[in-house]
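Colleague: Take the given structure of chain W and dock chains X and G to it, following the hints.
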Amino acid sequence: MIIQAQNVSYIYSEGGPFEKGALKDVSMTVESGAFIGIIGHTGSGKSTLVQHFNGLLRPTGGKVIVCGADTLDKKADLKTVRAKVGLVFQYPEHQLFAETVYKDIAFAPGNMGFSADETDAAVRESAALVGLSETLFEKSPFELSGGQKRRAAIAGVLAMRPQVLVLDEPTAGLDPRGREDILSQIKRLHAETGMTVILVSHGMEDIANCVDYLYVMDHGTIAMQGTPAEVYSRYERLEQMGLTAPQVTRLMKQRYGVDVCTVEQAKDYILGVLRRA
Amino acid sequence: MIKTENLTFKYHSEQTEDILKDINIGVADGEFVAVLGHNGSGKSTLAKHFNAILLPKGGSVAVGGIDTRDEHRLYDIRRMVGMVFQNPDNQIVATIVEEDVAFAPENLGVPSPEIRRLVDWALETVGMSDYKRHAPHLLSGGQKQRIAIAGVLAMKPKCIVLDEPTAMLDPIGRREVVATLKRLNKEEGITIVLITHNMDEATVADRVIVMNDGGVVMDAPPRQVFSDVERIKSYGLDVPQVTELMYALRREGIDVPADVLTVEEAMEALSEVSH
Amino acid sequence: MLKDITLGQYFPGNSPLHRLDAMVKIVLTFVFLSAVFTAKTALAYAAVAAFTVVIIMISGVPFKFVVKGLKPLVAFIAFTAVLNLLMTSGTVIWQWGFLRLTYEGAAYAVQMLARIVLLVLGTSLLTYTTSPIALTDGIERLLKPFGKMGLPTHELAMMMSIALRFVPTLLEETDKIMKAQMARGADFQSGNLLKRAKALIPLLVPLFISAIRRAEELATAMDCRCYRGGNHRTRLSEAKVTAADYAAGCVFAGLMTLVIFANKVG
Numbered sequence: 001m002i003i004q005a006q007n008v009s010y011i012y013s014e015g016g017p018f019e020k021g022a023l024k025d026v027s028m029t030v031e032s033g034a035f036i037g038i039i040g041h042t043g044s045g046k047s048t049l050v051q052h053f054n055g056l057l058r059p060t061g062g063k064v065i066v067c068g069a070d071t072l073d074k075k076a077d078l079k080t081v082r083a084k085v086g087l088v089f090q091y092p093e094h095q096l097f098a099e100t101v102y103k104d105i106a107f108a109p110g111n112m113g114f115s116a117d118e119t120d121a122a123v124r125e126s127a128a129l130v131g132l133s134e135t136l137f138e139k140s141p142f143e144l145s146g147g148q149k150r151r152a153a154i155a156g157v158l159a160m161r162p163q164v165l166v167l168d169e170p171t172a173g174l175d176p177r178g179r180e181d182i183l184s185q186i187k188r189l190h191a192e193t194g195m196t197v198i199l200v201s202h203g204m205e206d207i208a209n210c211v212d213y214l215y216v217m218d219h220g221t222i223a224m225q226g227t228p229a230e231v232y233s234r235y236e237r238l239e240q241m242g243l244t245a246p247q248v249t250r251l252m253k254q255r256y257g258v259d260v261c262t263v264e265q266a267k268d269y270i271l272g273v274l275r276r277a
Numbered sequence: 001m002i003k004t005e006n007l008t009f010k011y012h013s014e015q016t017e018d019i020l021k022d023i024n025i026g027v028a029d030g031e032f033v034a035v036l037g038h039n040g041s042g043k044s045t046l047a048k049h050f051n052a053i054l055l056p057k058g059g060s061v062a063v064g065g066i067d068t069r070d071e072h073r074l075y076d077i078r079r080m081v082g083m084v085f086q087n088p089d090n091q092i093v094a095t096i097v098e099e100d101v102a103f104a105p106e107n108l109g110v111p112s113p114e115i116r117r118l119v120d121w122a123l124e125t126v127g128m129s130d131y132k133r134h135a136p137h138l139l140s141g142g143q144k145q146r147i148a149i150a151g152v153l154a155m156k157p158k159c160i161v162l163d164e165p166t167a168m169l170d171p172i173g174r175r176e177v178v179a180t181l182k183r184l185n186k187e188e189g190i191t192i193v194l195i196t197h198n199m200d201e202a203t204v205a206d207r208v209i210v211m212n213d214g215g216v217v218m219d220a221p222p223r224q225v226f227s228d229v230e231r232i233k234s235y236g237l238d239v240p241q242v243t244e245l246m247y248a249l250r251r252e253g254i255d256v257p258a259d260v261l262t263v264e265e266a267m268e269a270l271s272e273v274s275h
Numbered sequence: 001m002l003k004d005i006t007l008g009q010y011f012p013g014n015s016p017l018h019r020l021d022a023m024v025k026i027v028l029t030f031v032f033l034s035a036v037f038t039a040k041t042a043l044a045y046a047a048v049a050a051f052t053v054v055i056i057m058i059s060g061v062p063f064k065f066v067v068k069g070l071k072p073l074v075a076f077i078a079f080t081a082v083l084n085l086l087m088t089s090g091t092v093i094w095q096w097g098f099l100r101l102t103y104e105g106a107a108y109a110v111q112m113l114a115r116i117v118l119l120v121l122g123t124s125l126l127t128y129t130t131s132p133i134a135l136t137d138g139i140e141r142l143l144k145p146f147g148k149m150g151l152p153t154h155e156l157a158m159m160m161s162i163a164l165r166f167v168p169t170l171l172e173e174t175d176k177i178m179k180a181q182m183a184r185g186a187d188f189q190s191g192n193l194l195k196r197a198k199a200l201i202p203l204l205v206p207l208f209i210s211a212i213r214r215a216e217e218l219a220t221a222m223d224c225r226c227y228r229g230g231n232h233r234t235r236l237s238e239a240k241v242t243a244a245d246y247a248a249g250c251v252f253a254g255l256m257t258l259v260i261f262a263n264k265v266g
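In order, the protein sequence lines correspond to chains W, X and G.
The end of the first sequence is residue 277 by this note's numbering, with every number in the run present.
The end of the second sequence is residue 275 by this note's numbering, with every number in the run present.
The end of the third sequence is residue 266 by this note's numbering, with every number in the run present.
If we strip away everything but chain W, and leave its shape as in the complex, we get (with noise of 0.2 Å):
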């Protein structure tokens, strides 16, 4: 496994006026080279809960092992960390700020020490991987479109060399066409590189495509888990924890009984019990 958290517990200004507890006994083990979904709505505790697969936060109760290092070690190089566990904020594209795209591609390798031939290769490399055309390079990353600027931001964080990819709501704010750009990118990067890749959402029915696993999150804790198909099969109890389900699950659950997550598999499905009858 490369990510392991151990009844995690994460409370916010602790002792405070403001204390807040944001994660409550959480467990969870990530194995390497899986592809796995968090979903919650906002304030669920799972943005919280990634911040601490790479050191930026660590519990206030239980503990979180990274590839080996356990992140509250006074010892632990929390730097290490960070380049194996890239983290990609939502709207990625507000933190870019160098003058042009392969400065602020190679802003991270830079930081973790990578040498000048190294560097080189992990920007163009990474920029390859996201999609993004060598002949942007030098442009200002102000002037790319809105869809460029969030693949080249995704890119800043590849060129780590990360061995997980951690994604927070790489999707907010794009259009469908959009979405599914970067999903296929982060799908086809999956594939190709075998990278472990955590993608955390709303529990909008894109995710239902690509991820093996699935974790629920509300009220800082993991309130279910299994495969999507499992997941969204139980629509009722996703519902109260204010999240949808895929219309498809709904559908195929209440017309056949069956667990499904996308349009292909209810498609399927159907055909089959049409031709047997």
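It cannot be assumed that every hint is accurate.
Lysine-lysine pairs mimicking DSS-like chemistry, simulated, CA-CA at most 27 Å apart [what the hints assert, rightly or not]:
#, chain 1, residue 1, chain 2, residue 2
1, W, 75, G, 179
2, G, 176, W, 74
3, W, 79, G, 176
4, G, 240, X, 132
5, X, 186, X, 158
6, W, 63, G, 179
Bear in mind the hints are in silico, worked out from the structure with no lab data behind them.
Owing to the predicted nature of the structure, the values given are computational and were not obtained by experimental measurement.
Modeller: Chains X and G only, in chain W's frame:
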């Protein structure tokens, strides 16, 4: 309510291509219209013409019979057509909810006791009365957006135009905002123009206008618009999942209706096919 | 760290002091300040101190909270006191090298100490009992006469209240960008001054760009809500100077008279 005639627009005269190309649409009093289009299709630019934030470069826009280029009637237009934007944080002016809702009537010089009544009514209508003394930055995204809606409601507008009001919200927030809009339309008779790229929201409208590449390419009730799955997808948009499922089944030669929008309708369609 | 500074914070409540008109409160604060500076004798200081204690009690703001406001100023107060104590000429009580402790110095140090403490307590009570929005409103009304001389009073007040509105939003944003850059290996904490200043670029550039974008969007949203400057503008709660405000005025005038009287007697 709103009528455009051969509307064209570009930001700079050097731009070779128009952002809006020859747009002729009308929005009737009391209608709920969704404007659907991918990012960069010109839908936000069009919306900004509805309350004279932008003025046409060619053709004309009339709001309640007033030409938007009539400078003397600018505040009549803005008062008649309220506008809500994507990011609620960037449209809330004050540090206390009720002070923010009062902002527009204060600008219009409404007497204090009347402002009080308008503010209380607007907050009641969006279901946020309990929060009137709260600080807006501590509210959820959906609540903030309802405050923004109350902020324009306090002008007693005839029409509210919303530019992707749910793009930054989670499912709960979306539901809150869409339910509020439906209520404003049905109970208060306010005309709603909802700019979005979310097909689920567009299905609640009376009419869907689809924009692509600066022009209007479809203008029909949602059922009709979404049943043309291939065409919608060619514009970089999506259809509800059940509509797509019906489309996929029809391509396999199964006789199901094409214009299905909800799970309930799909249940019915499938039960008829198996018999 | 930052949240320990209570000076300038608002302490919500509904005491008579909270209910006073903001403009009146600003004027009264100036009366109070003049009283502090007028006081010369021990008796006069005692009168002001007693008065301060009474209004703090009336305000309902806990003493602990008010005293905490002095904390960031302790070093400054101590420094002034020591300076006055040792550098004033007069009747020498004790001397070591060029340092000498004089009777006048001791008296002056005590006087300055009392002055600073009273100043801070009195003015912080203004912000404790007045919400930021009421405060800017009060300043706007107070400056109105200068508007006729071309001072953009409404615009100044509007700018102040919008700045206050965006403080929490921009703090949150700073935190987010900082974390995002730290996730890319940025280090804001180590190195010499120059290195640290350079490390701030990846934080400041995005923050600046976002602030400009927010400003543009806010301006459009304000246009849509018929904002057209201060002319013809009305307010949700028209501030009215009430009997309570006049009464408070009398009380503060009484304080001033008392101090002048005490100066003569003491």
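Colleague: Look at each hint and say if it fits the structure.
Modeller: A quick look at each hint next to the structure:
no.	hint	in the structure
1	W/75 / G/179	holds (21 Å)
2	G/176 / W/74	holds (24 Å)
3	W/79 / G/176	holds (18 Å)
4	G/240 / X/132	holds (22 Å)
5	X/186 / X/158	holds (13 Å)
6	W/63 / G/179	holds (20 Å)
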